[in-house]
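A.B. asks: Chains Y and G supply the protein sequences, listed in that same order.
First residue of the first sequence? That's 268 in my numbering, and the numbers climb one at a time after it.
First residue of the second sequence? That's 8 in my numbering, and the numbers climb one at a time after it.
One should not assume that every hint holds.
[Stated by the list, open to error] Covered, in the sense of this in silico footprint (three residues per stretch, anywhere, with C-beta under 8 Å from a C-beta of chain Y), are these stretches of chain G: (1) 88-97; (2) 121-134; (3) 262-273; (4) 312-323.
[As the list claims (entries may be wrong)] Footprint (simulated), chain Y over chain G, 3 or more residues, beta carbon under 8 Å: (5) 27-34; (6) 49-55; (7) 141-151; (8) 154-166.
Derived from the structure by calculation, the hints contain no laboratory data.
All C-beta atoms, glycine included, are put in the ideal place defined by N, C-alpha and C.
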Amino acid sequence: MKVMVCLKQVPHQDARLDVNSDGTWIQEDNIKFEINSYDTYAIEEALRLKDAGDAEVVVVSIGPDRVTQALRTALGMGADRAVHVNDAAAQGADALGTAKILAAVAKEEGADVIFTGLMADDDNASAIPPMVAELLDMPSATGVTATEISEASIKVERELEGGALEVVELPKPCLIAIQTGANQVRYASLKGIMQAKKKPVDVKTLADLGVADSAGHAHNKATINKISVPAKGDTAEILEGSTDEIVTQLVGKIKELGLL
Amino acid sequence: MGTILVVAEIQKGAIRESSYELVAVARELAESGGHDVNGLVIGSGVGDLATDFASKGAGKTLVVDDVSAANYNVDIWSKAIKAAAESTGADLILIANTPSGWDVAPRIAAGLDCAFVSDCFKIASLDGNGGNFVRRVFNGKLDAEVSTSGKTVATVQPGATAAFEGSSDGGTEALSTDLSARASFVEIKLAESTGVDLTKADIIVSGGRGVGSAEKFPEVIQPLADALGGAMGASRPVVDAGWLDHPYQVGSSGQIVTPKLYLAIGISGAIQHLVGMKASNFIVAINKDADAPIFEVANVGVVADLFDIVPALTNALKAAKG
Ligand SMILES: Cc1cc2nc3c(=O)[nH]c(=O)nc-3n(C[C@H](O)[C@H](O)[C@H](O)COP(=O)(O)OP(=O)(O)OC[C@H]3O[C@@H](n4cnc5c(N)ncnc54)[C@H](O)[C@@H]3O)c2cc1C
Ligand SMILES: Nc1ncnc2c1ncn2[C@@H]1O[C@H](COP(=O)(O)O)[C@@H](O)[C@H]1O
């Protein structure tokens, strides 16, 4: 069985976010990147299938040179191979364009199961996974916190609101977008990182994948024109002073509320 | 001119509030742009609900009414919405960003090979060539203005606008569509009730990822909750990491709470957390990042390291109580 995992490298959760000079995205120079948090759970879910049987796990990422680091980390965790789509035309592609590229990779790989994250921590779109599934004419489920695989299908639990879960069964091939907390994500061991150096990373362009004429930023149907710090509404009264002074004011507020 | 298609969602036998919020968005755009508004209702035994939707703002409403559509199904919904989009010639298809909305909406855009915008909270304009949308990115820290070209599918953040309360003309019409599905619904599992019921607490002290590790909850957060006679809560990453169990989680996929006092400590204020606590009577946020979105909903904020403030506050409260 071939399992493909789509992963995105995003700014580190604690990175300082400054708007770039043309005001359309963040300043990416000199900040740390990491694997999208949701995708770490997707990798783990795929590796569990590998641990349980004969699955080959291929990790795929679209992005510039820095993405090699993210793919190496996933290989270090235990993935078998990586595909890195590195093409300037793919940078700034909209969700549908990005999905077309991932679908082309999935077709080449003949993936039986595709795992993705539910959402990317940077664009917060939750858009690409169902698009990839539609383009490949596969069923899909998003926000998945548990999977149970059998010969021909996968039964999944999808998170709804307020802690309720929806149980759905999908025949293979299918795509599953994983929610955070689905599992306990492993770390790349030292041995794993050493082995990862020998694992293959195929680098591809949009032309290699046959999507140069349909995907990439030149074909965008949705474009970000401006990124900005949200306008401040009625923000909090910020307490100033030394720790003691702040604490005294807080105790005063709590007393005023009649809660002491 | 053109058409806006509004997709309704049924929950517990009624059309959800978020569907009427979509109607409000559609009606406002229609008023300035002269668009028609059409509705779509998918479900089983939903004839009356569809009639209601048609008369309460959605206008002419297409209906897929079949036992096989009794529960949300990604295959049936994607086929039905695509069919409705085609038959109405919609330029804009609006779907609420709920668990079923985000599951199906991107498929519609891919299937129609058109533009997609997710989880927008404002649609600034719409014309024959697309529209202008505003949405949050980076977990609430930045806004993005997105423009689309041509036909567009958009999901709208629940709660971003008030629900439409007016009326409209327009009856219902059955939409015939392929109801076969590959995905099969098995069951809904409701949240298990446990000892922790945050919805009854008057005071909640919640810790987020900023608290840093499992041990810090009993060491730093619980003592403050105890000093206040309140309950302890948490944001999702805390629960995902296994630092606390799910019943402590506040937010869209946890509990919705409205205590008299809510303290958010080391929590950034992503929308999914905010929907779970922003209706609290009084909110105090402690965060070392002055730009954290949590300060937008807090009454009082402290921009500082939580490890300086929280233990000092705990001691001061103990002293004040004597
Ligand atoms: C479908 C879906 C459902 C979700 N449901 C929920 C939900 O129910 N509940 C929920 O909470 N989230 C939910 N989320 C996740 C949500 O999007 C955010 O990822 C999450 O709320 C972030 O949690 P956080 O604020 O603790 O972490 P972060 O966003 O990482 O914020 C940590 C904060 O701590 C501050 N900090 C760090 N160190 C210190 C220090 N020493 N002193 C003071 N401050 C410090 C930082 O400045 C930062 O603001 C959901 C997401 C999705 C997609
Ligand atoms: N550039 C990318 N390369 C590989 N996978 C991606 C990329 N962008 C998004 N994805 C996948 O799609 C998921 C959802 O992303 P998004 O739709 O952008 O919120 C992510 O969690 C990844 O699994």
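A.B. asks: Could you tell me which of the hints above the structure violates, numbers in ascending order?
C.D. replies: Violated hints (numbers, rising): 1, 5, 6; every other hint is consistent with the structure.
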